[in-house]
Amino acid sequence: MLDARAMIARGRRRDAAFNILGWACAVVVLSALAALLTNLCIQGLSRIDWQFLTSFPSRRPQQAGILSAWVGSILVILVTACTAIPLGVAAGIYLEEYARKNWFTTIIEINIVNLAGVPSIIYGLMALGLFVYQFHFGQSILSGGLTLAFLILPIVIVATREAMRAIPKHIREAAYALGATRLEVVRHHLLPYSAGGIGTGVIIGISRAIGETAPLVTIGALTFIAFLPPSPIVVDPALQIQPFKWIMSPFTVLPIQMFNWVSRPGEEFLKNAAAAGVVLMVVTLGLNAAAIVVRHRIRRRIKW
Amino acid sequence: MLGLFTRAVLVVGAVAGIAGSALGQTKVVKVDGSSTVYPVTEAVAEEFQAATKGAVKVTVGIAGTGGGFKKFTRGETDVSNASRPIMKGEMEDAVKNGIEYIELPICFDALTVVINPKNTWAETMTVEELKKIWEPAAQGKITMWNQIRPEWPAEKINLFGAGADSGTFDYFTEAIVGKAKSSRGDFTASEDDNVLVKGVEGDKFALGYFGFAYYAAHAKKLKAVKIDWEKDTLGPVEPSAANVIAGKYNPLSRPLFIYVNKKSVETRPEVRQFVEFYIKNVKELSAEVKYVPLPDSAYELVKSRFDRMDVGTVFGGHPEVGLTIEDILKRETVSEAKSHGDDKK
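Protein chains in written order, with the numbering used here: chain A, 1 to 304; chain B, 1001 to 1345.
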């Protein structure tokens, strides 16, 4: 009797200790993040205004802005998303639903997981040889977007597979029992049900891609660029529609602009860098928030 | 759901389809290369675009002097920023690819050796003493100030220097140790000069080096060391614009260059326009971004070299330290690299 009581008490003590440990870990991690954010905001927040968002880089820190950088970031990410999502999701579906399990697919699976851990600069080197020189895409938004797409492909594939695997087997069996083809099962059931999980993976990937510098510098992203890529619709002098001309344009991105400012002399440039950092954070957090909303909505629609 | 994916796939397909059609008729002058020269070229590009009202666009990258030359000798860029003269291998690449270039000095970069303002003993140092501190053999051995001069304090020297990828590192090691990239490794290295400034600012026993521009921006927080070069008879020379221009602040001041692709100039008027604008305005703009401009007479020589389209380099493919600007502008340019034996005139 006494023994059991002692055991229970000991268990409770351990429980409480673990609880405190967990809390401590969370506090350390969160306060580090908070400190980082506050620091960025204190330095940079006052610098963010309309002028900052709509100006090109300049040697005068007060006149400098991040227009070409944020437009570049968004366009590069657009190319990345348009490439990595269809390719990654399709590959994930294939591996999970179609491919037979044999040594060959096992090797592919292991490699995909390993690829997620390859340093990003390696992707940059590959892209420099492949996209920039072999395919003659040049130092363009297309090259940059494709590079980042390759970088996040493993993340998207793994997320897709996890999401598919989480769908109960009886859903598939029920659909097959009613005579659905494999394509119909994927289209009408598996994809909609796994959209939330896939979306999460995609957003994690995109959030990573948007902060990448090394591979883009490797393929030759620029630092000073005081013009925007050609607009898809030109009104002046004559109405012209050139929907994809921007994709071959040279570019810069937010992290590169930040990196350049950090390494310049003068407090003012540091302020600019911090301000660009805040914008980058807002974009990333905004993307994450959007993903959470979308996932929540999709989840609500699904009723098994 | 699939509708969306199909659309995405179509977009990607279309994108790949138009990939061949490049930038079209927009006039772009492409510049890449040294991050040391970058602030100057950025300033010029900014003013140039304003002056041409955006008719000509300029892009500037920071691939580094070596990375810039790689692209330049492949014919991918029109202008290459360089913090050192073109080297032998790069000249050979240019010859192989049929790229002819014009070498134009544009301003000076001066390196500054800095100490903490509270440091009262090391206000003057000889190049030999700096070498004793920075050479590879010093690693782990030369750690105290009194190992350099016995009367200096018996305190640890805390060293701050440029990261191994930077032109500053190449230049400092070449000028002080005598061999580019030859340095001790046990010091705080950073590509970001702000880190170095902070390091020296907060440590009485620190010693560091970085660009004169960075020193000038933080002059209140730091003290510059006067450099005494045994190979001249000037005695200790303080890093200042006047001393740099006069060619006195040796061996730690150097000219910066742009290399211009001759064919680009001949075939595309906007490149010529940009380079002419560069030569005309670089004096004012380089001072504004805290570099040291060449003397007026030198800019006239630069302009006439460009007007004559003198291709090649005056350095013959080997780095040299301590040249005056007249030396650089009056020597004959060559395109073929000389062998190392006869590069002294």
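None of these hints come from the bench; they were simulated from the model.
The structure presented is a predicted model; accordingly, all values stated were derived computationally and were not measured.
Virtual Cβ for every residue (Gly too), placed ideally from N, Cα, C.
A portion of the hints provided could be inaccurate.
Claimed, not checked - Listed below are the simulated SDA-like cross-link pairs for lysine to any residue, each with C-alpha atoms no more than 20 Å apart in a straight line:
#1 Lys-1141/B - Asp-1186/B
#2 Lys-1027/B - Lys-271/A
#3 Lys-1132/B - Lys-1179/B
#4 Lys-1070/B - Gln-242/A
#5 Lys-271/A - Gln-62/A
#6 Lys-1071/B - Ala-214/A
#7 Lys-1156/B - Lys-1198/B
#8 Lys-1179/B - Ala-1224/B
#9 Lys-1027/B - Glu-1047/B
#10 Lys-271/A - Val-1289/B
#11 Lys-1053/B - Ala-214/A
#12 Lys-1198/B - Asn-39/A
#13 Lys-1070/B - Leu-128/A
#14 Lys-1290/B - Gln-63/A
#15 Lys-1131/B - Lys-1070/B
#16 Lys-1027/B - Leu-228/A
#17 Lys-1198/B - Leu-95/A
#18 Lys-1226/B - Lys-1141/B
#19 Lys-271/A - Lys-1071/B
#20 Lys-1027/B - Leu-130/A
#21 Lys-1070/B - Gly-22/A
#22 Lys-1290/B - Glu-1270/B
#23 Lys-1071/B - Leu-130/A
#24 Lys-1198/B - Val-262/A
#25 Lys-1071/B - Gln-134/A
What the hints assert, rightly or not - Some chain A residues close to chain B (C-beta under 8 Å, calculated; not the full set):
#26 Cys-41
#27 Arg-208
#28 Leu-222
#29 Ser-263
#30 Arg-264
Structure-based check of each hint:
no.: 1; hint: Lys-1141/B - Asp-1186/B; in the structure: holds, 10 Å
no.: 2; hint: Lys-1027/B - Lys-271/A; in the structure: violated, 33 Å
no.: 3; hint: Lys-1132/B - Lys-1179/B; in the structure: holds, 14 Å
no.: 4; hint: Lys-1070/B - Gln-242/A; in the structure: violated, 33 Å
no.: 5; hint: Lys-271/A - Gln-62/A; in the structure: holds, 10 Å
no.: 6; hint: Lys-1071/B - Ala-214/A; in the structure: holds, 18 Å
no.: 7; hint: Lys-1156/B - Lys-1198/B; in the structure: holds, 18 Å
no.: 8; hint: Lys-1179/B - Ala-1224/B; in the structure: violated, 24 Å
no.: 9; hint: Lys-1027/B - Glu-1047/B; in the structure: holds, 16 Å
no.: 10; hint: Lys-271/A - Val-1289/B; in the structure: holds, 17 Å
no.: 11; hint: Lys-1053/B - Ala-214/A; in the structure: violated, 33 Å
no.: 12; hint: Lys-1198/B - Asn-39/A; in the structure: holds, 17 Å
no.: 13; hint: Lys-1070/B - Leu-128/A; in the structure: holds, 13 Å
no.: 14; hint: Lys-1290/B - Gln-63/A; in the structure: holds, 18 Å
no.: 15; hint: Lys-1131/B - Lys-1070/B; in the structure: violated, 31 Å
no.: 16; hint: Lys-1027/B - Leu-228/A; in the structure: holds, 13 Å
no.: 17; hint: Lys-1198/B - Leu-95/A; in the structure: violated, 52 Å
no.: 18; hint: Lys-1226/B - Lys-1141/B; in the structure: violated, 25 Å
no.: 19; hint: Lys-271/A - Lys-1071/B; in the structure: violated, 32 Å
no.: 20; hint: Lys-1027/B - Leu-130/A; in the structure: violated, 26 Å
no.: 21; hint: Lys-1070/B - Gly-22/A; in the structure: violated, 53 Å
no.: 22; hint: Lys-1290/B - Glu-1270/B; in the structure: violated, 27 Å
no.: 23; hint: Lys-1071/B - Leu-130/A; in the structure: holds, 16 Å
no.: 24; hint: Lys-1198/B - Val-262/A; in the structure: holds, 13 Å
no.: 25; hint: Lys-1071/B - Gln-134/A; in the structure: holds, 15 Å
no.: 26; hint: Cys-41; in the structure: violated, 19 Å
no.: 27; hint: Arg-208; in the structure: violated, 20 Å
no.: 28; hint: Leu-222; in the structure: holds, 5 Å
no.: 29; hint: Ser-263; in the structure: holds, 5 Å
no.: 30; hint: Arg-264; in the structure: holds, 7 Å
When held up to the earlier numbered hints, the structure conflicts with 2, 4, 8, 11, 15, 17, 18, 19, 20, 21, 22, 26, 27 and fits the remainder.
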